[in-house]
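> Here is what each chain is made of, one letter per residue.
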Amino acid sequence: MRDIAICSFAQRQQAAIPDESEVEFMVPLMVQAKDAVGLTQQDMGFTCSGSSDFLAGQAFSFVSTIDGTGPVPPISESHVEQDGAWALYEAWVKLQCGDVDTAFVYSYGKSSPGSLRDVLATQMDPYYVAPLWPDAFAVEGLAARLLLESGTVSERRLAEIASRSRAHAASNPHAVRRAEKSVDEILAEEYLADPLRPSDIPASADGGCAMVLAAGDRARELCDRPVWIRAIDHRIDAHTLGVRDLTAAMSARIAGEKAGVGADTVDFAELHAPFTTSEAVLIEALGLDDGVVVNPSGGALAAHTMMAAGLIRFGEAFERIARGDGDRAVAHATAGPCLQQNLVAVLEGE
Amino acid sequence: MADDVLTAPLVLEYPFTRTTGPVVGAFLTGLREGVVLGVRRPDGTVLCPPLEYDPITATALGEMVEVASTGTVTSWSWNGAPRAQQPFERNFAWALITLDGADTPMLHAVLVDSPAAMSTGMRVEIRWRDEREGHIADIEGFVPLGSVDGKGF
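Just so you know, the protein sequences line up as chains A and W, in that order.
Residues 1 to 350, numbered by my numbering, are exactly what the first sequence covers, in order.
Residues 351 to 503, numbered by my numbering, are exactly what the second sequence covers, in order.
Watch out, some of these pointers could steer you wrong.
Said to hold, decoys possible - Within a straight-line C-alpha distance of at most 25 Å, the following computed SDA-like cross-link-like pairs (lysine to any residue) qualify:
| hint | chain 1 | residue 1 | chain 2 | residue 2 |
| --- | --- | --- | --- | --- |
| 1 | A | Lys258 | W | Asp480 |
| 2 | A | Lys258 | A | Glu350 |
| 3 | A | Lys94 | A | Pro126 |
| 4 | A | Lys94 | A | Ser112 |
| 5 | A | Lys94 | A | Ala130 |
| 6 | A | Lys258 | W | Ile406 |
| 7 | A | Lys94 | A | Asp224 |
| 8 | A | Lys94 | A | Thr152 |
| 9 | A | Lys94 | A | Arg244 |
| 10 | A | Lys258 | W | Val361 |
| 11 | A | Lys94 | A | Ala36 |
| 12 | A | Lys258 | W | Pro405 |
For the record, the hints were derived by calculation from the structure and aren't laboratory data.
With the sequences and hints as input, model every part of the structure.
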């Protein structure tokens, strides 16, 4: 296997970006990520993006954004209708093939024009579930009650996760929900989707991110401290809610084992946990002990940019390691209802 | 010059039809008749709603099994005011409900007035719509067992 590293990262997240199109707010991020390593688009061996035509409401909407990369003369590129973490995975595979040494990855989402909690009903089973339009908060509420009634997690534990996210996010300029709240203040919140409170659900954001990957010595040339992707794996649970254990995230457990999360100590973990309940399940599934700082950025609870929140976990982990605030981290991304799909990587500084 | 511009009609359409197949189709046809069907897995357990393939082994499934219109709530969450597209007219609970005779739960609504009326383990039964068309919303919702003909909701 070739050693592949993250070499630069740029992101933007806001509660809403009403006056700019996706292309308009992505181009400066693309430039920023490339400038950080002194590369142009023509230096990229491969380019892969993640976004949702469905969210944009336009077929092949991602093509406009590719135009924003400056793809002339023609470039080698691909797109995934998935969170950008899966675009990173495709770029990692491409780099493993050995014919290119650099890759550019970006993803973005602008959900503020619609109601994301309703739109997400369309990812459910098209015959049995989607026609009823269960909103995303209510669907997670079903998993939450199973978790609470199993006795493994209490409402106080969920409030502790929410409170910690807010405390961490307070120092993250890209976080949207940055107001600190105590556990008791959170427990005093009215339910939004009983048994979930407002602090249990993600702060929705518009935005995106861009990242440069490189292999081996090329990565060492491009930056002071490459952050190596030591292992990466992704797994998918059954789509139907009723046929899997919503309290266990089996696919996250397997991906974590395959990526070797437990093989050595990790300093922190950036988990794409949209809900407090997701975070509780993931910590258990990945076997993270109390010494691991979880979501030092505040995590997806503090800013959830659909299609980018997973790749941003990789970027947050990269930046922290690159500046020396840790050496080894877990980066995770999820997709689908109730942690259906999970991608887990172990990152390590040079 | 404008008279020289060629024009052609553009009809935006979505000319696709889908068949629901022997398993999903059987389930939906059953709903139209007021009957709920599951499908048997190789281990003898019954998936309801039924899937064409076993979610664990990927074995093709096809033995349809009638299950009851009564069942047990295994989890629930509360939906306040109905959201715009939902086929419900007032607040209700979302629930995972395992029908008697099935081994896996289905997602649907329980039509009660408040979260205080909900609990895991509660027994419920289907309230059917009078006019059914082979659609998941042929089930108007579930109600607490024994109240299907009542005026409770």
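> None of the hints should be skipped; say for each whether it holds.
Consistency of the hints with the structure:
Under the criterion of a C-alpha separation no larger than 25 Å, the hint pairing lysine 258 of chain A with aspartate 480 of chain W is inconsistent with the structure, at around 52 Å. Distance restraint check for lysine 258 of chain A and glutamate 350 of chain A: the Cα-Cα separation of roughly 22 Å lies within the 25 Å cut-off, and the hinted pair is therefore satisfied. Proximity of lysine 94 of chain A to proline 126 of chain A is assessed by CA-CA distance (about 33 Å); at most 25 Å being required, the pair is judged violated. For the given pair, lysine 94 of chain A sits about 33 Å from serine 112 of chain A by alpha-carbon distance, which is inconsistent with the 25 Å threshold.
A C-alpha spacing of about 35 Å is found between lysine 94 of chain A and alanine 130 of chain A, which places the hinted pair above 25 Å, so the restraint is violated. Restraint check for lysine 258 of chain A and isoleucine 406 of chain W: the C-alpha separation of about 19 Å stays at or below 25 Å, so the hint holds. Simply put, lysine 94 of chain A and aspartate 224 of chain A have alpha-carbon atoms about 24 Å apart, close enough for the 25 Å limit, and the pair holds. Between the alpha carbons of lysine 94 of chain A and threonine 152 of chain A the distance comes to roughly 41 Å, so the proposed pair goes past 25 Å and is violated.
This hinted pair does not check out: lysine 94 of chain A and arginine 244 of chain A have alpha carbons roughly 32 Å apart, beyond 25 Å. Only pairs whose Cα atoms come within 25 Å are accepted, and lysine 258 of chain A paired with valine 361 of chain W is rejected, the gap being roughly 51 Å. Pair hint lysine 94 of chain A plus alanine 36 of chain A holds up; C-alpha atoms about 22 Å apart against a cutoff of 25 Å. A threshold of 25 Å between alpha carbons decides the hint, and for lysine 258 of chain A with proline 405 of chain W the separation of about 21 Å falls inside it, so the pair holds.
Going through the hint list in order, the structure does not satisfy hints 1, 3, 4, 5, 8, 9, 10.
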